[in-house]
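Chain by chain, the residues run as shown.
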Amino acid sequence: MIAGMTELRHKYLRHHKKFPHVWCSGCGNGIILGAFIRAIERLKLKKDDIVLAAGIGCSGRMPTYVDFNTLHTTHGRALTIATGIKLARPSLFVITVMGDGDATAIGGNHFIHAARRNLDLTAIIINNQIYGMTGGQASPTTPYGAQSTTSIFSNIEHAFSIAELAVAAGASFVARGTVYHAAQLDKLIEKAIRNKGFSVVEIMSNCHVQFGRRNKMADPVTMLNWFKDHAVSRDEGTSMPPDSLHDKFTIGILADEDKPNYIEEYSKIRKRAKRN
Amino acid sequence: MNVILTGEKSKMSHELNGKKLLLQGNEAMAEGAIAAGCRFFAGYPITPASEISERMSYRLPQVDGTFIQMEDEIASLGAVIGASLAGVKSMTATSGPGFSLMQENLGYACMTEVPCVVVNVMRGGPSTGLPTSPAQGDVLQARWGTHGDHPVIVLSVSSVSECFSIIITAFNLSEKYRVPVVVLSDEVVAHSRETFTIPSTDSIEVVDRIVPNVPPEWYKPYEDNSRGVPPMSAMGDGYRHHVTGLVHDTQGFPTEKQDEIEAFIKRQFRKITNGFFEIQITKKLHIEDAEIVVIAYGSVARSARRAVAMARSQGIKAGLIQLVTLFPFPKNTVVNVMRQCKAVIIPEMNMGQMSREVKRVNTGLTEVFKYNRIDGKLITPMEIFEEIQKV
Numbered sequence: 000m001i002a003g004m005t006e007l008r009h010k011y012l013r014h015h016k017k018f019p020h021v022w023c024s025g026c027g028n029g030i031i032l033g034a035f036i037r038a039i040e041r042l043k044l045k046k047d048d049i050v051l052a053a054g055i056g057c058s059g060r061m062p063t064y065v066d067f068n069t070l071h072t073t074h075g076r077a078l079t080i081a082t083g084i085k086l087a088r089p090s091l092f093v094i095t096v097m098g099d100g101d102a103t104a105i106g107g108n109h110f111i112h113a114a115r116r117n118l119d120l121t122a123i124i125i126n127n128q129i130y131g132m133t134g135g136q137a138s139p140t141t142p143y144g145a146q147s148t149t150s151i152f153s154n155i156e157h158a159f160s161i162a163e164l165a166v167a168a169g170a171s172f173v174a175r176g177t178v179y180h181a182a183q184l185d186k187l188i189e190k191a192i193r194n195k196g197f198s199v200v201e202i203m204s205n206c207h208v209q210f211g212r213r214n215k216m217a218d219p220v221t222m223l224n225w226f227k228d229h230a231v232s233r234d235e236g237t238s239m240p241p242d243s244l245h246d247k248f249t250i251g252i253l254a255d256e257d258k259p260n261y262i263e264e265y266s267k268i269r270k271r272a273k274r275n
Numbered sequence: 000m001n002v003i004l005t006g007e008k009s010k011m012s013h014e015l016n017g018k019k020l021l022l023q024g025n026e027a028m029a030e031g032a033i034a035a036g037c038r039f040f041a042g043y044p045i046t047p048a049s050e051i052s053e054r055m056s057y058r059l060p061q062v063d064g065t066f067i068q069m070e071d072e073i074a075s076l077g078a079v080i081g082a083s084l085a086g087v088k089s090m091t092a093t094s095g096p097g098f099s100l101m102q103e104n105l106g107y108a109c110m111t112e113v114p115c116v117v118v119n120v121m122r123g124g125p126s127t128g129l130p131t132s133p134a135q136g137d138v139l140q141a142r143w144g145t146h147g148d149h150p151v152i153v154l155s156v157s158s159v160s161e162c163f164s165i166i167i168t169a170f171n172l173s174e175k176y177r178v179p180v181v182v183l184s185d186e187v188v189a190h191s192r193e194t195f196t197i198p199s200t201d202s203i204e205v206v207d208r209i210v211p212n213v214p215p216e217w218y219k220p221y222e223d224n225s226r227g228v229p230p231m232s233a234m235g236d237g238y239r240h241h242v243t244g245l246v247h248d249t250q251g252f253p254t255e256k257q258d259e260i261e262a263f264i265k266r267q268f269r270k271i272t273n274g275f276f277e278i279q280i281t282k283k284l285h286i287e288d289a290e291i292v293v294i295a296y297g298s299v300a301r302s303a304r305r306a307v308a309m310a311r312s313q314g315i316k317a318g319l320i321q322l323v324t325l326f327p328f329p330k331n332t333v334v335n336v337m338r339q340c341k342a343v344i345i346p347e348m349n350m351g352q353m354s355r356e357v358k359r360v361n362t363g364l365t366e367v368f369k370y371n372r373i374d375g376k377l378i379t380p381m382e383i384f385e386e387i388q389k390v
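Listed in order, the protein sequences are those of chains A and B. Be aware that the first sequence starts at 0, since it is given in numbering that gives the first Met the number 0, and climbs by one per residue. Be aware that the second sequence starts at 0, since it is given in numbering that gives the first Met the number 0, and climbs by one per residue.
These are calculated hints, taken from the structure and not from any lab test. Model, not experiment: these values are computed from the prediction. Ideal Cβ positions, reconstructed from N, Cα and C, are used throughout, including at glycine. Check the hints yourself; a few may be wrong.
[What the hints assert, rightly or not] Restraint ranges, calculated between C-beta atoms of paired labels, are given here:
{"#": "1", "chain 1": "B", "residue 1": "358", "chain 2": "A", "residue 2": "259", "range": "56 to 64 Å"}
{"#": "2", "chain 1": "A", "residue 1": "8", "chain 2": "B", "residue 2": "260", "range": "50 to 58 Å"}
{"#": "3", "chain 1": "B", "residue 1": "249", "chain 2": "A", "residue 2": "245", "range": "49 to 57 Å"}
{"#": "4", "chain 1": "B", "residue 1": "192", "chain 2": "A", "residue 2": "155", "range": "37 to 45 Å"}
Modelling step: build the complete structure from the supplied sequences, incorporating the hints.
Take a look at the structure:
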């Protein structure tokens, strides 16, 4: 039985130091933070063994609030610094939390190469389809036709599908969830951290303040209902007519592949190097 | 003694102490880094620095270290910072275009006080410039390349043996002062081959960062002390704390309080100022009675050494200050020499970058002449000798 949330908050959050937080009321980030610490509790990891690294943006503030080894890095570079930490100390569980702009615009190259390399890192990507902290500018996941402060007439670019991008780039574990499906998030994050390779959990989250407000979803409930109505599980998706899927996205596990991770491979390289 | 040719990689022994090797500057730099305790290298291919990566890629796994080739130079320095935060001495090496990309994370290393060494083997610039030709155009970028007020230590190398020894100094200063240290090499030093005897391990002084000795609940990762350098814990050692590129308080958490901001930034500068005596390294030749003093660094210092010898043989009282440390600029040494000489000449493979520093500290003490070459060719001893004659 998982402990009550109050107990977990006291155990894992820097509750007496760093609150109140900077996020807007109703922000999906809180749901994700909750799912994250519940997943850590299930995994029974020591706080000293966990690293949470973030980039810049609203998601970048999450590490401040948790009582682990925490980092707030440069914009888009969380995975590069996480790579160094993991290689230098493989016993640590190194997790990054990034936003959609952080992970797939400025950090897009690092993201696909981390996936290709299959180093044992976990990337939690909060996709709220907008640059929230800087004031609602269009991001790589802002939908075609949506409004933002840098596409006030209409967004004429097409959105990345982050989870599918991660699968194509070779990540060994890829999942997508939403803040509406909060109970599922716990399990997806837990599985991602357990996976001994590069793991991605894309989480569709609501930024009703910067995205919803300009796109007829100005309150969190409307946005959560949008996620509810547009998310389909993989099984549901295969049984639905293709025409009805054009505005839907898949949630659940998209890839779970067992392949050699970088640390295992590099230990072989060390053995070979010493023989020479 | 057998000379080991570096081409015979498969015959390389893991222990090179005391062996005489025919090495190029880049290779000596890799060996020096390993001798200094470097066990992590992340890099991206670039001429004329790639040999450092190549040598690290087969040397580090031999000594239980880690080499990784990253997707670009931004990622390379990111990984280096991460490894250092986890307690492992780390470095990267690049050239001008890559060094430009590293400026962002160089600032992060300054702000978070993460020890690391960044080698920039200078080539002609700007932009892609002259990939296989030497230059010294990145001197002021090394000092001021990343945004914001920050201290940084910049060293330079002029020979294969200095590539080995100065990279060790770079690691030692980086660990001692918790700052990134930039080592400027250039294409001539990097690709020149010289025989060189690797010193025995016992004769090499290696400095490690100070780690906290208080219980974790008492640890303040950015708390001031007499040296201005707080002890640094490694991630995973039980001293959980927050690391951020935002201006932070003594606990490492973001702050916008004016008194905390000023104290933080001023401590960054104070810790380097406190160490001027050991950080500002120069080498002097025939300075005692010199009337004309050449101030040079990098491969140009080699030419200058020869030019000074030529001038002396002609009865001209010439001397040399070789700047090993470029920043913090060794002002006292230079000013003391300027007080006694009639003129200084600063030959550089750029339009005049260190000569600006020399002119800045010259308060009417002596005459300052610069000699610049920007055509991708090394300044020769004869050219400097002719300048000495002219003056």
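Consistency of the hints with the structure:
Between residue 358 of chain B and residue 259 of chain A the C-beta distance comes to about 58 Å, which sits within the given range of 56 to 64 Å. Between residue 8 of chain A and residue 260 of chain B, the C-beta spacing of about 30 Å breaks the proposed range 50 to 58 Å. Taking 49 to 57 Å as the suggested C-beta distance range, the pair residue 249 of chain B and residue 245 of chain A conforms, at roughly 54 Å. Between residue 192 of chain B and residue 155 of chain A, the C-beta spacing of about 56 Å breaks the proposed range 37 to 45 Å.
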